[in-house]
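*Asks:* Single-letter residue listing:
There are 2 protein chains.
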Amino acid sequence: MSKTLIKNSLIIPLDYEQPDYIKGDILINENMIEKISKKPVETDNNNYDQVIDGKNLIIMPGLINTHGHAAMSLLRSYADDLPLKKWLESKIWPIEALLESDDVYWGAMLSIAEMIRGGTTTFTDMYYYMDRVAEAAAMSGIRAVLSRGMIGLGFDLEQGFRDSKALISDWHGAENGRINVIIGPHSAYAGASGFLERVVELAAETGLPIQVHLAETKDEVETCLAEQGCSSTAMLSEIGFFDFKVIAAHCVHLSDRDIDILAEKKVGVSHNPGSNLKLGSGIAPIKRLLESGVNVGLGTDGAASNNNLDMIEEMRLAALVSKGVTMDPTSINAKTVLQMATVMGAEILGLEKTGTLKPGFKADLIGLRTDRLNLTPLHDPMAHIVYASAAADVSLVMVDGRLLLEDGILKTLDEEKIRAESSRCADRLVNAGKD
Amino acid sequence: MSKTLIKNSLIIPLDYEQPDYIKGDILINENMIEKISKKPVETDNNNYDQVIDGKNLIIMPGLINTHGHAAMSLLRSYADDLPLKKWLESKIWPIEALLESDDVYWGAMLSIAEMIRGGTTTFTDMYYYMDRVAEAAAMSGIRAVLSRGMIGLGFDLEQGFRDSKALISDWHGAENGRINVIIGPHSAYAGASGFLERVVELAAETGLPIQVHLAETKDEVETCLAEQGCSSTAMLSEIGFFDFKVIAAHCVHLSDRDIDILAEKKVGVSHNPGSNLKLGSGIAPIKRLLESGVNVGLGTDGAASNNNLDMIEEMRLAALVSKGVTMDPTSINAKTVLQMATVMGAEILGLEKTGTLKPGFKADLIGLRTDRLNLTPLHDPMAHIVYASAAADVSLVMVDGRLLLEDGILKTLDEEKIRAESSRCADRLVNAGKD
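Chains A and B, in that order, give the protein sequences.
Add 716 to the 1-based position in the first sequence for the numbering used here, that's all there is to it.
Add 716 to the 1-based position in the second sequence for the numbering used here, that's all there is to it.
Hints may be right or wrong, so weigh each one.
No copy labels: a pair is met if it fits in one copy or bridges any two.
With a cut-off of at most 25 Å between alpha-carbon atoms, the simulated DMTMM-like pairs for lysine to aspartate or glutamate come out as follows [stated by the list, open to error]: (1) 1150 to 1130; (2) 1003 to 935; (3) 934 to 874; (4) 754 to 954; (5) 1003 to 1044; (6) 719 to 938; (7) 719 to 760; (8) 1133 to 1123; (9) 739 to 1096; (10) 1074 to 891; (11) 1127 to 1087; (12) 754 to 736; (13) 1133 to 758; (14) 1133 to 746; (15) 807 to 1044.
Just so you know, the hints here were simulated from the structure itself, not pulled from any lab data.
All figures in this text were calculated on a predicted structure; none of them were measured in a lab.
All chains should be modelled from the sequences, with the hints used to inform the complete structure.
*Replies:* Structure below.
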């Protein structure tokens, strides 16, 4: 039995049933939260494996990154400020074609290490060589929701399903449920005829959620309208996609009818403001989605289009950009954004007892240092986190009851080795790309 | 004589006449850059007071914050997610009315310390009790461009001019030219009849630049159109404002004619994306301003509407938001944004031999650590700074040849005391505000 007590911190449970703030102690037993107590829990050193002084800490649920491509951190700042087509066709795809299994492992490791440092306790991934990403996730201690990205064309059509099924049987539920596998068809527009229907069959067969890119660009929606007479959202609804649990990433270009479909079918949306802005895709109508009752989580997307994996930054962007484009400072408030990054993220990914701090829930939590210049004075802690804090303020990260970051130091990963190996992989890819 | 040598770093001069990158040594003699050398400068310990290993550092010009209200950091996260009118009238103004000279001193100190930590080497301020801000700036070692904010009404009308003149005579050019004073009328709409004309007279008399809030909100422009038949930009031009050097802060709502006026009159614009988004003011047409030949600097505005003073974040927001709203990823590139935060900032503020690294220029420079997860691998350093780096990556800050931050430690300021004193002031204000 492993017991940890975090004493005297400012706890933000982000639970619809608890107060916004609780000043007190939080007791973790194995991988679960056992108790949140306003009164000091008596410490008898024999009873706890670890007692952490939370005096200068805000403790809140870990951040849940609902969309990304971890290994793309190898291509961080490799190609920027380019039109989307040129970016993909002349820069990203040629390098991705050269990726080997080890590249994906070290790219994923680099991303996982960065995400832990920034307070992310769950990440979502859609890519290739996903067994290697699962290995990295298992080793690091982070919670993961993994899918084999399926283009659904040519050689990849059958291989995609084979890899997906192998990933499910090898990894789904591994590490005491810390590794989750979902189904990852790339988009409504990629894939041979009948591909999307086979995805639906696999979802029916396995009961697993589907993650798909949806309505990311204006071009996607316009092409679908021209070719099929309906939006990509309506088309997926038509073929029964949304009769299963779906996480739709991006959702930038939605009609009112599309929003109604997403709400009615309880599709979860992963909002990726940094990537959508940087690629010039546009700005997702988050306020309208939330008002329609759609659950919206936050994601970083891959580091090639972000260029970091900083969920605090995504929270800030989500709030600021919504206020700016609607010209309404009340558009989205700090608490809503915090919910998007935690409890709503857990809901859309189908993670049970995660994303909220309360007894019986998983001990996925983070601590932010408040004794920082940028967080002084301390008027409103929720506003501080969303509008003033930084990834570097995260000093403690616990996933499933295990400390992954303590006093700002990674406990399960060798940062220097990860930087060296991932740099080596990136150099090899870029040099090979020149040939 | 004090000589510092920074060896073997990656130098980004941000000079229109030098290459983008120079790998080499940079030699600082007293407060000036003496030499930038690709060949290793021979080190004879007798010749240098300090030799810094720059192996893992990007050295670039210090960031220039072209608009702010430093003491408002006392109200950081005090009032958020509110409509602008309610935010000002029920929250900000009542507290500001209670401000005493010591509050302004400690609020400014808090902001200066945070800005130095984030790589800002020059800040611009418009507020009250400006002699105390000047004191804080002098003590800290940061470069400052200070103005007494003048509402131009009632009691403040004469007092504003008296304070401005005293600030000019007491502080302009102090600390070997490190403290600069400019003239700070609040806006085109504030002030009694004849106030703006008197501001123009003071500019003519002193030869000093003017900083003014301009076209920040749609309401400002619409009211001016309704009441005076022209935009606030056209109105200021009409009364001869722009015949002097002017820094116009915000410039969110501009017609094509307004942009032509700003370009023709060589008005500098301070773009404050974080504050404009957060207050729901809108999004300034930066791409169009730059294309028209207007120099655009970057600013944080006050921490009450931001809520931090992180110039790296402002760079990122400027680039991302421009790409997102224009739906064009080539809208503004990383290098342009870096120029806005450095050399263009110096130009609009009228700071000579500042904002660029080259021999004969002032030694205002910063070092960012590249051995970080979020900056791995190192494909494109300029893209890294704008899209992936964080304030916490800044480990070295030098202003006028003096180190203010070294290995991430503040050299001239007592961080703990500043946090305690500014918190004390903030608590007093908020408690007094409750009465």
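*Asks:* If a hint holds in the structure, say so; if it doesn't, say that too.
*Replies:* A quick look at each hint next to the structure:
no. : hint         : in the structure
1   : 1150 to 1130 : neither (31 Å within a copy, 51 Å between copies)
2   : 1003 to 935  : both (23 Å within a copy, 23 Å between copies)
3   : 934 to 874   : neither (30 Å within a copy, 56 Å between copies)
4   : 754 to 954   : neither (51 Å within a copy, 63 Å between copies)
5   : 1003 to 1044 : both (11 Å within a copy, 23 Å between copies)
6   : 719 to 938   : neither (55 Å within a copy, 62 Å between copies)
7   : 719 to 760   : within (12 Å within a copy, 57 Å between copies)
8   : 1133 to 1123 : both (20 Å within a copy, 22 Å between copies)
9   : 739 to 1096  : within (14 Å within a copy, 45 Å between copies)
10  : 1074 to 891  : within (22 Å within a copy, 56 Å between copies)
11  : 1127 to 1087 : both (22 Å within a copy, 18 Å between copies)
12  : 754 to 736   : within (13 Å within a copy, 56 Å between copies)
13  : 1133 to 758  : neither (41 Å within a copy, 33 Å between copies)
14  : 1133 to 746  : neither (29 Å within a copy, 40 Å between copies)
15  : 807 to 1044  : between (38 Å within a copy, 17 Å between copies)
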